[in-house]
Amino acid sequence: MAFDVAAVSAWLKDFATQCHDNAELLTDLDREIGDADHGTNMDRGMRAVAALDPDSFPTAADYLKKAGMTLVSTVGGASGPLYGTFFLRVGTAWPAVVDAPSLGLALRAGLDGIVQRGKANLQDKTLVDALSPALDAFDAHAGDGVAVALAAAAAACADGRDATIPLIAHKGRASYLGERSIGHQDPGATSMTMLIEAASRTLD
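Note that my numbering has the sequence shown beginning at 1390, numbered continuously upward.
Fair warning: there could be bad hints in the mix.
In silico SDA-like cross-links for lysine to any residue, where the CA-CA straight-line distance does not exceed 25 angstroms [unchecked claim]:
1) K1402 with A1450
2) K1454 with R1420
3) K1508 with R1562
4) K1455 with Q1505
5) K1455 with R1506
6) K1454 with V1504
7) K1508 with S1564
8) K1402 with T1416
9) K1455 with D1417
10) K1508 with G1466
11) K1560 with L1524
12) K1455 with D1444
13) K1560 with R1420
14) K1454 with A1396
15) K1508 with R1420
16) K1455 with V1486
17) K1508 with G1534
18) K1454 with S1564
19) K1560 with M1458
20) K1402 with L1494
21) K1402 with K1560
22) K1508 with A1536
23) K1508 with D1444
24) K1455 with R1420
Derived CB-CB ranges, DEER-like [what the hints assert, rightly or not]:
25) T1463 with P1490: 16 to 24 angstroms
26) K1508 with T1448: 18 to 26 angstroms
27) P1447 with D1488: 16 to 24 angstroms
28) D1525 with P1555: 39 to 47 angstroms
29) D1417 with T1463: 21 to 29 angstroms
30) A1529 with I1571: 25 to 33 angstroms
By construction, these hints were calculated from the structure, which means they are not laboratory data. Glycine is no exception: its CB is placed at the ideal position from the N, C-alpha and C atoms.
Starting from the given sequences, assemble the full structure and let the hints guide the process.
Structural data, given as structure tokens:
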């Protein structure tokens, strides 16, 4: 498929639907270790992104960067800056001709932006724990094409999400809980898994 504005819009609209349908789940997860607003914030922000008219953007890169700016301006807490930075960086790195290796590089630029913005590392119990192994899996399967690489990424992302449960949080409001954060699934890793699963469904 052509990785044009329509394709990228389909990806983010799918993610917006997931954020809306699972807003209560994300909020419940955040209530355990955060301030109970992740579901509400992601739903509001992605509704605004889904409302963007893809026909008004000349390229997918322009659309992605606008999506990032929209999230920064409409989502409070940590979610807006982190997801906004992700899409801004992905858009900036989006290639003119997309194949699996170049898509992997664009997604990796998004991860790098999140790490720089949030100062989070692996094992800190954040969305990095889901996205980083997802992109490692993507790169490992890039030679098999976009669809296979994204499917592998989605599976690894879900595994990374689940692996946050026994971790102690070291970033964000959850870090205040110390060992009491053990046993809870990270809400950011959960929403990130929804994003990568949406990509697997729509980008191939």
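Which numbered hints fail: 2, 9, 17, 18, 21, 22, 23, 24, 25, 26, 28
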